[in-house]
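Those protein sequence lines, which keep their order, are chains A and B. Take the position in the first sequence, starting the count at 1, then add 171; the result is the number in our numbering. Take the position in the second sequence, starting the count at 1, then add 39; the result is the number in our numbering.
Be aware that a few hints might be false.
Said to hold, decoys possible - Facing chain A, according to a computed beta carbon distance under 10 Å, are these residues of chain B, among others:
no.: 1; residue: 83
no.: 2; residue: 112
no.: 3; residue: 129
no.: 4; residue: 163
no.: 5; residue: 177
no.: 6; residue: 447
no.: 7; residue: 473
no.: 8; residue: 626
Hints were generated in silico from the structure; no laboratory data involved. The beta-carbon is built from N, C-alpha and C at its ideal position, and this holds for glycine as well.
Here's the letter readout for the chains.
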Amino acid sequence: MSDTYKGYKGEALDTLKNFDAPVWSDVEIVAENGNYKGIILPRSENADSLHVVIKLKSGYNIGVAASSIKAINTFGHKEAHYKIPEKEFPYDPKKPNVKLLGTGGTIASRLDYRTGAVIPAFSPGELYGSVPELADICNLDTEKLYGVFSENMAPEQWIGTAEAIGREIKKGVQGIVIGHGTDTMHHTAAILSFMVQNSPVPIVMVGSQRSSDRPSSDAALNLMHSVKTAAESDIAETMVCMFGPTSDAYGLLHRGTRVRKMHSSYRSTFRTIGDIPIAKVSRTEITPLRQDYKRRRSDTDVIINTAFDERVSIVYYYPNMKADIIDSLIDNGYKGIVIAGTGLGHVNKPLYPALKRAREKGVAVYMTVQTLWGYVQMYVYDTGRDMMDLGVVPMANMLPEVAYVKLGWALGQTHDLEEVRKIMYTPIAGEITEREPSNGYLIFQGGLPEVEEFISKYRK
Amino acid sequence: MTEKDYETIGFKSGLEIHQQLLTKKKLFCRCPAGEYSTHYHAEILRHMRPTLSELGEYDGTALMEFKTRKEIIYRINRDTVCTYEMDDTPPFQINDEALDIALGIGMLYNSAVVDEIHIARKQYLDGSIPTGFQRTSIIALDGQIPYKDKKINIIQLSIEEDSCREVSDIGHQRVYKTDRLGMPLIETVTGPEMRTPIEVAEVGEICRRLVRSTGKVRTGIGAAREDVNVSVEGGTRIEIKGVPKLSAIPLLTYNEAMRQWNLLKLKEELNNRGITTDTFAAETSEVTKIINKSFYEPLRGAVLRGIKVYCVVLKGFKGLLHWQTQTDTYFSREISDRVRVIACLSTIPNIIHSDSKGDTLASSDWLKIKKSVNAGENDTMVLVWGNEEDVITGAKEIIIRAKEATVGVPSETRQAFRDGTNGFERILPGPERMYPDTDLPPKCITKERKDAIRATLPKPIWEREALYRKLKLPKDVILPLSYSKYADLFEQLVNDLKIEPVLASVALIQFPKRLKKEGLDISLLNNEVIIEIFKLYKQKKIGKSGVLIQLRNYLEKNGGLTFNNFPDSPELSEIDNLICQETEFFESIKIKIPENIKKLVMCEVMDKLQGRMEGKIIEERIEGLRKEAVK
Chain A
172 MSDTYKGYKG
182 EALDTLKNFD
192 APVWSDVEIV
202 AENGNYKGII
212 LPRSENADSL
222 HVVIKLKSGY
232 NIGVAASSIK
242 AINTFGHKEA
252 HYKIPEKEFP
262 YDPKKPNVKL
272 LGTGGTIASR
282 LDYRTGAVIP
292 AFSPGELYGS
302 VPELADICNL
312 DTEKLYGVFS
322 ENMAPEQWIG
332 TAEAIGREIK
342 KGVQGIVIGH
352 GTDTMHHTAA
362 ILSFMVQNSP
372 VPIVMVGSQR
382 SSDRPSSDAA
392 LNLMHSVKTA
402 AESDIAETMV
412 CMFGPTSDAY
422 GLLHRGTRVR
432 KMHSSYRSTF
442 RTIGDIPIAK
452 VSRTEITPLR
462 QDYKRRRSDT
472 DVIINTAFDE
482 RVSIVYYYPN
492 MKADIIDSLI
502 DNGYKGIVIA
512 GTGLGHVNKP
522 LYPALKRARE
532 KGVAVYMTVQ
542 TLWGYVQMYV
552 YDTGRDMMDL
562 GVVPMANMLP
572 EVAYVKLGWA
582 LGQTHDLEEV
592 RKIMYTPIAG
602 EITEREPSNG
612 YLIFQGGLPE
622 VEEFISKYRK
Chain B
40 MTEKDYETIG
50 FKSGLEIHQQ
60 LLTKKKLFCR
70 CPAGEYSTHY
80 HAEILRHMRP
90 TLSELGEYDG
100 TALMEFKTRK
110 EIIYRINRDT
120 VCTYEMDDTP
130 PFQINDEALD
140 IALGIGMLYN
150 SAVVDEIHIA
160 RKQYLDGSIP
170 TGFQRTSIIA
180 LDGQIPYKDK
190 KINIIQLSIE
200 EDSCREVSDI
210 GHQRVYKTDR
220 LGMPLIETVT
230 GPEMRTPIEV
240 AEVGEICRRL
250 VRSTGKVRTG
260 IGAAREDVNV
270 SVEGGTRIEI
280 KGVPKLSAIP
290 LLTYNEAMRQ
300 WNLLKLKEEL
310 NNRGITTDTF
320 AAETSEVTKI
330 INKSFYEPLR
340 GAVLRGIKVY
350 CVVLKGFKGL
360 LHWQTQTDTY
370 FSREISDRVR
380 VIACLSTIPN
390 IIHSDSKGDT
400 LASSDWLKIK
410 KSVNAGENDT
420 MVLVWGNEED
430 VITGAKEIII
440 RAKEATVGVP
450 SETRQAFRDG
460 TNGFERILPG
470 PERMYPDTDL
480 PPKCITKERK
490 DAIRATLPKP
500 IWEREALYRK
510 LKLPKDVILP
520 LSYSKYADLF
530 EQLVNDLKIE
540 PVLASVALIQ
550 FPKRLKKEGL
560 DISLLNNEVI
570 IEIFKLYKQK
580 KIGKSGVLIQ
590 LRNYLEKNGG
600 LTFNNFPDSP
610 ELSEIDNLIC
620 QETEFFESIK
630 IKIPENIKKL
640 VMCEVMDKLQ
650 GRMEGKIIEE
660 RIEGLRKEAV
670 K
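Given these sequences and hints, build the entire structure.
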């Protein structure tokens, strides 16, 4: 299918060809129901083959049944050029230099006629055109590393991003921002926490929950918060910077290994699990919530270690899981398995033979908890002890996704299970903490009078 | 003004009618519809930023709204609002109940129903919708309604979600309540084909009756709202938003026509003075220090709070800020409105000017300013005050609006005021603010669906009205009956039960009204009961007056009354006995005017018989018995 009839197929395509009316034609469609004047738009690929889409003069789109079209009179051609006004990002020698690395996501995006969905768009000029406030904070340079949706991020992109961060730090930037889709932002934040160590500057991951093609988008404010953090904060860690509340109020800086996306659509979806965030950031200030973070330095002594073995999987345990799940991973050559177990870290007995087989085959098996909050504790019940005997390693309070990327990273460096175990147990960026503070687990229960009172006092 | 006068000035007007649909739930989420409350549990703060249209352009309104930098606060009541309205959850599939009602109305307008509907996002950066856009979709195009001897075109019909209700808008903060947000609404757009203010209201009235004839739209305050588009020859299409009732339309459109006419005259005057878009000149300077000792209260207080005062000199404008635009309204209001909305200087007065010096600054102050800003005899000085950022925006806006006077009527959306005048709301948005909704796929309206809807549609109101006129129904019931829920019942009574049309129409329209006034719950009435009562009438068990009486009896018993074993009409002898009894009674007591006895007897007998006999017959019997007595 050519671009001339973008997205059209079947009857609709035949009709357009028949009347020689490619997309973007300015037309009058004569149909059984009436006549419609407007511009023929491309059609989403997964829409049906029965309708022609036309943008009316009023700006509305409608679909006209191809079978009802008697004639199409063409008057001209008006192709849309969706382009954010590009303006050169101003340079001020007194301001810090920040590098924005793009991987994709909806931080800046435009419409995709192929799918009818939004696809990312990205350049410093475009960003300045849409969020001019950024120029008050820093000198911004951007580089588009990838243009992929969050779910398509994989080791190749993780490694490329880590290497790009290393290059930029060596060049002497004062901070790095990474634009990323939000779905797997916490996976990438975790792996970058391991692949990029001893960073002298802030590495801030940012995205948006409402794409920037909408007036209420959180993209612009998230971008301002993250750029401010990269430029000005003294927190030299890999962080996620996203909305604290759903209101346009402030962002939270979450440690890359303790953060998780907790709601499919809320703006305030990211939460630090089992601990508290590092800081709060607004347009005017950065307020640390704790002091035990790594400080900014003036050197460029970053360590980049991009080792990664892809043969790792997460198994989310469910009642009545059968051994063949584990067996099939072993048979397919997986080298590491992270189990998200129930409660304190349990699976059922029928899995034991498979776990034993895994140990015999040299597969590293680690236990995390699907409750997300809390530690694995395999001594409390016999089942836990049995499993440890089978070689399953309890992974303290490391989040399952974090254990998954860390295990891949560890196996990338060695297949000696003792060595792997050492790497897994050595905290690098707060992925295991010695203690869980009492305010590390706060999920308020709506409906309780005291909670409702709190909500009525502070903007959500 | 006469029809001829409106023709001379080239008056043109069209309507955009917003009508809420009577559904259980909202349009794109499953929250209950139509539950209003001022109580709220939480607040959300948002800002709005302009975005590009699908064709890659920024919308003028969007940019203007962005200039105003408002903090928008939403009040959330968790019983009526979910995370969808808060813009924290993507939309759910469109409410099919609402879509069916809307499609049906499209068919009543004789419109072409769209084969495949596409949901669009219409940008509103004023914050009235938390997403920053309204989800809307055209569902029908090119309809008509008959009016006088012509047809008025119904250009388009769309289904959309309703917006928030504004609580306050002060300075840089605007507060909304969200209960109404997301309710299903249809917007009907007529062609600009009305030629007098009265025509606009009359066409609005036809549309109102048409949608009501479905019985599936909401009624009551705010359930239907009109936007009116008005232009005169040489003027511009102006949209007056939020007209709460049709009866307000004639005065509003008259005032808008007058405003445009006067602005065109103002342009002529400016041109006569040699001021055109090219020669227009204005200067801005800060005058805070010069008037810091002024006794004019609004300014004095402001200066004390450390606020800046700017003076804009409009070259050659002398006297023109006092140019009348609407009833008791002058050109200075056009400027003040802009400063209020765009610079957020919302405390009125927000400007003062040298064309109307009374009650503001002392003339010595004006002189000092004049000298300092180097204003000439023919210039107008406009003062504006506020914090520095806003006052700079304000001064710029004064110049922008004054310059627009050299062109005539700027494109604007204006808001309707109660006194029939209107004020600036925002720049008129264009098609650039439309954007396809990427969250929802297009939806095909199948032939089966259309057929099913068509089968349930009421007869068009104009056909009913024509029938009623032929049947010689009383004038005051023709219109109400045409869109009444009893319209079909009326035809059933007349055609099947052969009831006299006038009686049936009055019983269906006037009687319920009367019973409601008596404090009875007329919602208990239903077709079955009404038919039962008319059957009694047909069987001559009750007379005409009996219809109302039985309806009343039914309601007084809260619907707990059956008419199964209703007695036959009384024998004449029974009536005669009753008459004699009553006559004896009234003759036995002292009645001042003996001639009234007949009337009193009549009343009592009627009351006792509960409408089971025609009044005419009773009257005849009384008359007959009297004559006999006299003999």
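Cross-check of the supplied hints:
At about 5 Å, the closest approach between the beta carbon of residue 83 (chain B) and any beta carbon in chain A falls short of 10 Å, and the interface hint on this residue holds. Given the 10 Å rule on beta carbons, the hint for residue 112 (chain B) holds: about 8 Å separates it from the nearest Cβ of chain A. Annotation: residue 129 (chain B) was flagged as interfacial toward chain A, and the flag holds, the nearest CB pair being 6 Å apart, inside 10 Å. Satisfaction of the interface hint for residue 163 (chain B) is found here, the shortest Cβ-Cβ separation to chain A being roughly 8 Å, below the 10 Å cut-off.
A cut of 10 Å between beta carbons decides the hint on residue 177 (chain B): the least distance to chain A is about 4 Å, and the hint holds. Annotation: residue 447 (chain B) was flagged as interfacial toward chain A, and the flag is violated, the nearest CB pair being 24 Å apart, outside 10 Å. A hinted interface residue such as residue 473 (chain B) counts as satisfied when its beta carbon comes closer than 10 Å to some beta carbon of chain A; here the least separation is about 3 Å, so the hint holds. For residue 626 (chain B), the shortest C-beta to C-beta distance to chain A is roughly 75 Å, which exceeds 10 Å, and the interface hint is violated.
Violation of the numbered hints given earlier is confined to hints 6, 8; the remaining hints are satisfied by the structure.
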